[in-house]
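Given these sequences and hints, build the entire structure.
Protein chains in written order, with the numbering used here: chain A, 1 to 322; chain B, 1 to 322.
Do not rely on the hints blindly, as some may be mistaken.
[What the hints assert, rightly or not] So, partial list: chain B residues that the calculated Cβ filter (under 10 Å) puts toward chain A:
#1 ALA8
#2 PHE139
#3 HIS234
#4 PRO250
Everything labelled a hint here was simulated from the structure, so no lab data went into it. The C-beta atom is built at its ideal place from N, Cα and C for all residues, glycine as well.
Number of protein chains: 2
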Amino acid sequence: MKALVLKAKDVPLSWEDFPGPTPQAGEVVVEPQTAALNHRDVWITKGLYPGIVFPGILGSDGAGMLAGREVLINPNIGWGPNPRVQKRSYSILGMPKHGTMAEKVSVGEDRVHDKPPHLSWEEAAALPLAGMTAYRALFSRGALEAGEKVLITGIGGGVALFALQFALAAGAEVYVTSSSGGKIARAMEMGASGGAGYTQNGWEKELANQAGGFNLILDSAGGAGFSFFPKLCHYGARIVSYGGSKGAVPNFTPQSIFWKQISILGSTMASDEEFAEMLAFVSLHRIHPVIDSVYPITRAEEAFERLARGEQFGKVVFRVRD
Amino acid sequence: MKALVLKAKDVPLSWEDFPGPTPQAGEVVVEPQTAALNHRDVWITKGLYPGIVFPGILGSDGAGMLAGREVLINPNIGWGPNPRVQKRSYSILGMPKHGTMAEKVSVGEDRVHDKPPHLSWEEAAALPLAGMTAYRALFSRGALEAGEKVLITGIGGGVALFALQFALAAGAEVYVTSSSGGKIARAMEMGASGGAGYTQNGWEKELANQAGGFNLILDSAGGAGFSFFPKLCHYGARIVSYGGSKGAVPNFTPQSIFWKQISILGSTMASDEEFAEMLAFVSLHRIHPVIDSVYPITRAEEAFERLARGEQFGKVVFRVRD
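Encoded structure:
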């Protein structure tokens, strides 16, 4: 088969011949039509992940055919029996296990779900990893309720956009941040009530003026911006952190969270049950993932660069087959 | 009546004549036998609290007589209908409302509970504020389960000691920290499995060696020590913060919490329902509060100084009547 092969860190990926998968007991071979990119894939190409093996095939997100059936893949491998937290041995499809950026991928048969019929192949591949991450962060960890005010930072990223769509579908009032005024405007076209550019002085006051305060904040940045979140929180609010691209949080104090009973909740991925719930939610509300761009997989390098530069608004998708 | 009167900040308290309370509708007048000190009282005497009024009568904790009935007082005023979080207008007995360090105190009739019969007057006054804070932090916020490993920092403080007793009664395995080796030894006599001196280099490695890792950490300090907590946490662990005496946390990163699904949970006081549950728990398990020292209220200044110096192991209690 052909696959997008990662041979070493910081070496361009190449679409080339690679031995096809040998399914283990309980596995099936899916033939991806589409795959999607995640930041995780970019970080792996730079060596910024534990336990990277070469040669490898990236890709946690994929949709394709399995014996005439249209399916998408749950990228969880071995979450374990506790819905609250994954086992330490948990891993994600696409490293070290060969992923979806290939003509064939072998996955556990219980990893395969029917593709929601309202989704195109591109939309189906865009959904799994970012959709499940947003779902758990918003509902299981964030305990979002209808009518609450939600702040989603860094709108434009895959998880952030699913969180926007899911929160709106659940009846929340949503505000966003971005470094790009254009992305904020697009989020407001999608239904966000307001937003602020986090690179502008006083963005937090601007948000406080617009919204009054928040019941739930979803963030994948950390850094200096995070320090303002407790002030923006209502009593009893939750701050869900699913990433830390801006690193350490300066000036975090217990005083800022204990009197207001604020919860700061780390979240990553989702249990298998949450994955199934997320698919049902997307089908019920006829949610269409936001696609930033679609590339033939032979032009993968351009796609990786687009994601690395943070230019995207929505998911970057590969067509694996024409 | 006589009362311990706070006339201005940083002025010694004096036991002197003061107008007795005029109960409002729905209030009853309790005659305290005993009262207990909290850090809150110390901070108020230094002016470190919002909305201080002079002259005032301190004291959130008290036990005494009400029409021939032995009672203790729930110090909550106006928590509100949501058990998850108090209303913004919520306040605590003892400022601005006159508190228990007086011969008479007027409180809402639903603030009064029967004194658990196994408690002395001194123990009954020691229980309310610290006991309710420990109960909520451990069970409602911390979701403690039997068999889990718990770290309680700063053992010797009132909340920390109740948390130790409650966690042991609930079947947890408890470790402690202190700056004092003597306090750690006393905690181990009470049932703690181990501990480490947080002023010693490598205390966090010592704890990791002893316990392996923790499911729940209770902390009222923040500061540099807090930065080590995520490393000491098992996957899915909770860090409950109910105070911040050491201030800002250097080097807090989202990376340290999201993959391990760690929750950092601000907590303060407890709802009225939790207060009642705490009393039932203390009665069921025949828990006796740890009393550090008992002072006649005429020697209040010595007691305030003892608490301010952090020398205590357990609650500092006043005898209001002889």
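Evaluated hints:
1. ALA8: violated (25 Å)
2. PHE139: violated (15 Å)
3. HIS234: holds (9 Å)
4. PRO250: holds (8 Å)
The structure is inconsistent with the numbered hints 1, 2, although it conforms to all the rest.
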